[in-house]
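Residue numbers (full-length UniProt numbering), protein chains in the order written: chain Y, 1 to 286; chain W, 1 to 372; chain B, 1 to 543.
Read the hints as simulated data drawn from the structure, not as lab findings.
One or more of the hints may lead you astray.
To be verified - Residues of chain B placed beyond 10 Å of chain Y at every Cβ, according to the derived structure:
| id | residue |
| --- | --- |
| 1 | 54 |
| 2 | 71 |
| 3 | 141 |
| 4 | 264 |
| 5 | 297 |
| 6 | 312 |
| 7 | 325 |
| 8 | 334 |
| 9 | 429 |
| 10 | 478 |
| 11 | 495 |
| 12 | 507 |
As the list claims (entries may be wrong) - Simulated restraints on C-beta separations:
| id | chain 1 | residue 1 | chain 2 | residue 2 | range |
| --- | --- | --- | --- | --- | --- |
| 13 | W | 92 | B | 61 | 39 to 47 Å |
| 14 | W | 55 | B | 507 | 39 to 47 Å |
| 15 | B | 144 | W | 73 | 54 to 62 Å |
| 16 | B | 502 | W | 297 | 33 to 41 Å |
| 17 | B | 441 | W | 77 | 28 to 36 Å |
| 18 | W | 326 | B | 75 | 28 to 36 Å |
| 19 | Y | 62 | B | 502 | 48 to 56 Å |
| 20 | Y | 58 | B | 57 | 35 to 43 Å |
Glycine is no exception: its CB is placed at the ideal position from the N, C-alpha and C atoms.
Spelled out, the chains give:
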Amino acid sequence: MSGGSYYVPESSKWPALGSLAVGTMMVGLGALLVHGRGALVMTLGLVAVLSVMYLWFRDVVHESRRGLYDAQMDRSFRWGMGWFIFSEVMFFAAFFGSLFYVRTFAVPWLDGEGAKGVAALLWPDFTASWPLLNPPSADISGPHEAVSPWQLPLVNTLFLVSSSITLTISHEALKEGYRLTARNWLIGTLVLGISFLVVQGFEYYEAYAHYGLTLQAGIYGSTFFLLTGFHGLHVTIGAITLAVMLGRIIKGHFTRDDHFAFEAAAWYWHFVDVVWIGLFLFVYVF
Amino acid sequence: MRKTLAWIMGAGSFLGLASSTLANGWNMPAGVTDVSREIYSLHMTIFWICVVIGIVVFGVMFYSLFRYRRSRGAKSANFHENTSVEVVWTAVPLLILVGMALPATATLKRMYDASEADLDVMVTGQQWRWHYEYLGENVSFTSSLSTPRSQINGEEEKGENYLLDVDQPLVLPVGRKVRFLMTSDDVIHSWWVPDLAVKQDSIPGFVNENWVRIEEPGIYRGQCAELCGKDHAFMPVVVRALEGDEFDSWLAERRKEAEAEASGVDREWSMDELMERGEQVYGAICATCHQPDGSGAEPTFPALAGNEALLNDRDRHIDVVLNGVSGTPMAAFRSNLNPVELAAVITYERNAWGNESGDVVQPSEIQALLEQ
Amino acid sequence: MASNLPPKPTLEHSTTTSGGLAHEHHERPRGMLRWLLTTNHKEIGTLYLIFSLTMFFIGGIFALVVRAELFQPGLQLVQPEFFNQMTTMHGLIMVFGAVMPAFVGLANWMVPLQVGAPDMALPRLNNFSFWLLPVAFTLLLSTLLMPGGGPNFGWTFYAPLSTTYAPPSTTFFILSLHMAGISSILGAINIIATILNLRAPGMRLMDMPLFVWTWLITAFLLIAVMPILAGVITMMLMDINFGTSFFNAAGGGDPVLFQHLFWFFGHPEVYIMILPAFGIVSAIIPTFARKPLFGYASMVYATASIAILSFLVWAHHMFVVGLPLVAELFFMFTTMLIAVPTGVKVFNWIATLFQGSITFETAMLFALAFVVLFSIGGFSGLMLAIAPADFQYHDTYFVVAHFHYVLVPGAIFAIMAGVYYWLPKWTGHYPDERLGRWHFWMSVIGVNLTFFPMHFSGLAGMPRRIPDYALQFADFNMVSSVGALMFGVSQLLFVWGVIKCVRGGEKAPAKAWEGAEDLEWSVPSPAPLHTFDTPPDFKPVTH
Ligand code: HEA
Ligand code: HEA
Ligand code: CUA
Ligand SMILES: [Cu+2]
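Put together the whole structure using the sequences plus the hints.
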């Protein structure tokens, strides 16, 4: 290990300001949800969070470019990013777990199947199915149609899978020192990512406008929007990160063997891609 | 010296625990069913196993503390590893655990076998009372706390069964297998009677099964055991166990009353009759939230006394009581109360506490609405 | 007292207190700003510890409100609505505000010192993790003042009491918990990166002190389960604000799903609150027995086994919700299994004491009380694990007795033991032993007075989370309330002792305790702001 060169920043404004910004955003969001007003505070908070992130990362970039970081520091970043992605995996695990639970246990039980089938006593008219188009209670109107996997979702799958491939090509190019090639493939990746989001937006519109598939449409709508929504949010974050990497490639920040930021963004993107595969299979296909 | 004391205190507190749990009222009741006694003996077995392990383990520990004190001139040894001891003290507890798990498994299997019951009782938890329905018998009623508020607030001496008394206990036969079907109309409650060793959550929208075969007649008391909101402490369970034939005549009596009341739906009720019946229903069910004097508890529970908006809108009043307000504690009472009770309580609310609408709601009107 | 003995340092290090790239540039800010902007692991550790102590007091005062109302039957001081908020807030604040941050604070201080690192791996992130907490808990506490009051559905916030039937402030509660969760995850990432990446050259994993090991595993648990909590509260947020049906059977959801998710987080969470305690005790007992820890390797494996098992036992909190029989049996068996590795730990500690040369400094007293009282809590845990019997124990004061034994004389005593043990390193002074002994004995008596009678009231049938109870429980409750007051007041001695030690006292050398072997005792006392700027030479001690 390296002797005595581990970089320890002396002090920084960003963390404290960052927590204040997060707090402001949360208070605004809470007020918006509970009292219907607070959008301004929330937006302010969000802008503050983004600004702090920008300034914080700018410091890190400067330090990195001044050569203050050594190989050990690089490993710290790698461990950090790796475990962060693991935490994200667990976040989605909670949602996938919920989906499996309602599909294999709750919904069949409500219809009288399985170990807790007596529940059907309370819902004599209910028939289980998945996607659940007729929720147990008549107060909740279900969607009249489920989303077919073989239309927009399939297109989106192709978009995301190929974006992972283009990103890998870009990365390989960077490692070989072909900056322009790397740049072009990264632009391609971004285009695919953004197309994904556009298609997703279109699908949401369809769901609300034509399928009656809404957040209020019972458990199918709930799980559908929970999983695809948080996934979409992650695609958005990933795309922003990749856009920043594009800027840094253009500015010439990365060298053939020193471009961890790029790699981290790529890990994240692949993670988002893998989540989508899970989504495609269990939310749409099966 | 102090260590000796500590040693004695340690051992003493264990023996104290051991002997005192045997005294009455300090320990789990053995109860009045096969299952409850099995559970009790499981409980005592594990307890004594833990006591013995504790005495051995803490014995060695306090011995070491006493014997190897530095102030006594102890020099420390330097050993720090021994695979065989590690294996032993992994394997021995494992065996003890297997010994505990076997009887526990057997008991659990018995508890889960609710088949071939002689009687089905649907138990529905509601904020903050229990609703009982004898399935197929056309008998159902609500059971709520009967301890007066004045005792709770310390304005009056607390009675013998303070907080453990209800207006109408659940009546069950001795010697027959009774299956419970537990559910809830609002949040999760848990129906618990220690002497019967039945504790089962009642979950809104789902049904849990449990069963009991009581062996001795008597009165058995318990409480709601799942936090269910502000009056969670005031939601007791009382079971009155009767000999089989006494139970049968009780049930027949109740069935007759129910039929009488059902036939009462068709006739015209007087204001006074409705007010009298309404006051009973209101006191038993509605008063926990809307208060005995109808003053409510704003902002959560609206006042009914002097509630102009309500008094001006008779239809909405009926609708709210029948169908509840979803997403609030105000439950739909259409299936918990019969048409007479519904008509009575609405009439009562529209004419009590200075509400002088003069409106009378007839059971037949409610009946017609329910059939829609 | 052993602490008066001349120290015999075995590791001699020239720890640099200056130099290093870090502090060439600008002046360090002073005053409040210095604490706000710091990236130093020791300062952040101190911040965490102060925060945690504050929360312990706030949570403790809430507990005293509960105990005061329960002093006798009847409603005297508070209304049920408020009582429920006190119980809930007490649980939340103690778990998320007191115990977890205390352990993170100790990790911040000690992990870099014990592995020979210059600081935490990601110092700025470290500061961010800390400053999220005061923001989160200010928001959480402020819900008490909102219309309809604060959270009143228990620290386990079961749906639908916490969704459809919850007060409006619940949304704020959820958001504050999100912030606390982010803080925990980032903190844990930092600790893992530090341990895996910043160890002194030559220190292998199996050379690390047990406190480091237990924290490595705890951090893993945190990263694995805090996101689950985040997920489930997000689903609550949606049920409350967007009309989804996750926990509502009418739409095809299930309230029990909430409990599965919560306890998949919640059970590992309780081990998050005990594993670092095991680490602390494993440092203290060998030191004052002057004998190496017995069975180092088996201790590591036992900790790892507990962590792995902790993912497979969650539904033992749900034995009465009506799980299918197979599930019931599975969770009963896995839960019982946890007694095995935990037993291994207890036996190893006792074997360490055996044939030692034992002295009883305050830190040691707390550690020894931990072993006994935690085990008692463990025994009642094992009783709870017997599913049929849990039908009688569940949601009674027997459970309350169980978890306070593992948490108060468990986690809290271990934290206090750790504080007494490392105070000389932090302040350069020995803590006052006389005061420490007073604190110890008062606490031991108080804690047992408070929580032991709860076993009886629980077995006799007293449900938990009630502001008023039947007359037969009166005597037990009175004793508990008196004990709680006594235990609470004794904690003032702790604060006094710590302040006194910060301000002065007998000077401590680098190696403050004769039997202490780990790397932290090789740097001067008090530890200078920057240590191990150049990695130390590490020579494995005998494990
Ligand atoms: C630090 C926290 C902590 C720890 C370490 C534990 C440890 C254990 N807990 Fe506990 N538990 C809680 C915190 C903790 N618990 C909390 C907070 C709750 C309530 C949550 C709520 O509802 O609010 C709870 C509730 C709880 C329940 C649910 C009760 C109910 O609600 O009905 C159960 C049931 O199985 C349980 C079991 C156990 C077991 C088996 C252990 C085991 O790990 C204990 C193992 C230890 C020993 C057994 C002692 C030492 C061993 C030996 C000396 C070896 C030899 C022994 C034998 C072979 C017997 N706990
Ligand atoms: C680590 C966690 C932790 C800790 C340390 C404690 C500490 C204490 N707890 Fe508890 N407790 C929980 C975790 C914890 N608790 C949890 C998770 C629950 C479940 C909540 C739920 O049901 O949802 C619970 C529930 C709970 C209940 C059950 C409430 C109910 O069911 O309604 C009770 C009742 O007595 C109680 C009491 C106490 C007491 C007296 C202390 C004492 O140890 C506290 C002592 C500390 C102080 C008193 C503060 C410090 C001192 C001062 C400020 C000095 C000034 C003092 C005076 C002026 C007197 N706790
Ligand atoms: Cu119903 Cu508690
Ligand atoms: Cu648990």
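**Item:** CB-CB spacing for residue 297 (chain W) and residue 502 (chain B) relative to the 33 to 41 Å hint
**Value:** At 49 Å between Cβs, range violated.
**Prompt:** Since residue 325 (chain B) was said not to touch the interface, does its Cβ keep a gap of more than 10 Å from each Cβ of chain Y?
**Reply:** violated (7 Å)
**Message:** Holds or violated: the 28 to 36 Å window for the beta-carbon distance between residue 326 (chain W) and residue 75 (chain B)?
**Reply:** Given range 28 to 36 Å: holds, Cβ gap about 31 Å.
**Asked** residue 478 (chain B): least C-beta distance to chain Y exceeds 10 Å?
**Response** holds (41 Å)
**Request:** Mind checking the hinted window 28 to 36 Å against the Cβ distance between residue 441 (chain B) and residue 77 (chain W)?
**Result:** Because 30 Å falls inside the window, the suggested range holds.
**Message:** Over 10 Å from every CB of chain Y: does residue 54 (chain B) meet that, or does the non-interface label fail?
**Reply:** Nearest chain Y Cβ is 17 Å from residue 54 (chain B), so the label holds.
**Message:** If I take the minimum Cβ distance from residue 495 (chain B) to any residue of chain Y, is it greater than 10 Å?
**Reply:** holds (26 Å)
**Item:** Closest CB of chain Y to the CB of residue 429 (chain B) still more than 10 Å away
**Value:** At roughly 27 Å from the nearest Cβ of chain Y, residue 429 (chain B) sits farther out than 10 Å, so the non-interface label holds.
**Request:** Run the C-beta distances from residue 312 (chain B) to all of chain Y and say if the shortest one exceeds 10 Å.
**Result:** At about 14 Å from chain Y, residue 312 (chain B) clears the 10 Å cut-off, so the statement holds.
**Prompt:** Does the claim that residue 71 (chain B) lies outside the interface with chain Y hold up, using a Cβ gap greater than 10 Å?
**Reply:** With a cut-off of 10 Å, residue 71 (chain B) remains clear of chain Y, as the shortest Cβ separation is near 36 Å.
**Request:** With 39 to 47 Å as the target window, see if residue 55 (chain W) and residue 507 (chain B) comply at their CB atoms.
**Result:** holds (43 Å)
**Message:** Against the range 35 to 43 Å, how does the distance between the Cβ atoms of residue 58 (chain Y) and residue 57 (chain B) compare: consistent or not?
**Reply:** holds (40 Å)
The structure fails hints 4, 7, 16 and 19 (numbered hints given earlier, in ascending order).
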